[in-house]
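Asker: Chains R and B supply the protein sequences, listed in that same order. By the count of the working numbering, the first sequence reaches residue 126 at its end, each step adding exactly one. By the count of the working numbering, the second sequence reaches residue 323 at its end, each step adding exactly one.
Hint data in this document are derived by calculation from the structure and do not stem from the laboratory. Positions of the beta carbon are idealized from the N, C-alpha and C atoms, including for glycine. Incorrect hints may have been included.
Label-pair restraints from in silico Cβ distances [to be verified]: (1) B:G307 <-> R:N83: 19 to 27 Å; (2) R:Q95 <-> B:Q289: 24 to 32 Å; (3) R:L67 <-> B:S221: 28 to 36 Å; (4) B:A263 <-> R:L86: 25 to 33 Å; (5) R:D109 <-> B:D252: 37 to 45 Å.
Computed list of lysine to aspartate or glutamate pairs in EDC-like fashion (alpha-carbon distance at most 16 Å, straight line) [said to hold, decoys possible]: (6) R:K54 <-> B:E218; (7) R:K51 <-> B:D252; (8) R:K54 <-> B:E222; (9) R:K35 <-> R:E71; (10) R:K53 <-> B:E322; (11) R:K53 <-> B:E222; (12) R:K53 <-> B:D252; (13) R:K54 <-> B:D252; (14) R:K22 <-> B:D252.
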Amino acid sequence: DTEVTQTPKHLVMGMTNKKSLKCEQHMGHRAMYWYKQKAKKPPELMFVYSYEKLSINESVPSRFSPECPNSSLLNLHLHALQPEDSALYLCASSQDKAQETQYFGPGTRLLVL
Amino acid sequence: GQSLEQPSEVTAVEGAIVQINCTYQTSGFYGLSWYQQHDGGAPTFLSYNALDGLEETGRFSSFLSRSDSYGYLLLQELQMKDSASYFCAVPGGGGNKLTFGTGTQLKVEL
């Protein structure tokens, strides 16, 4: 099983809402990532979890809050987002290090109104 | 910091060969990866070069020259389904994060 799943596929939220994005992998990978991707742009790294601990935060605004409840799950909690946060949010995992093959989920397409 | 430059768009005909270039500037080097992303889809891993030279995987090959900070992805016998965006990527942060290049949109025409 080389699948990373993400829910929901689409999300529309207002600027005062609180929502969460979920990501799951069952490949035994110990590194998990959140990326943000705008149209026609490359994925931009947001957070890295390594062995369930946050190892990299790319200066992401605090309205994005990651959580890794266990080695298979990764959440991204959203609160008080801005319209410019509308994007595709991708989750990925790799065995251990980033240079190894990263497996991406299908993403959550987020629209903030 | 790290930066990776790619041509923004490449167009080729079905059956042809196309080369997508990537030049990079990094602090520390752990290898060069290539990912493919179809419109509306997720990036999928294509290849990884840690050492200089050519790596071949079916119709796709990837080349790396560390002395020139340069690599390319070679796609042979192009098919319509190869129309997608292609990103080179380098690990950084001690190998714990991946930085993607600017991306190349490949259009394959009949």
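Asker: Of the hints stated earlier, which fail here?
Answerer: Hints 2, 5, 9, 10 are the ones this structure does not satisfy, whereas the remaining hints hold.
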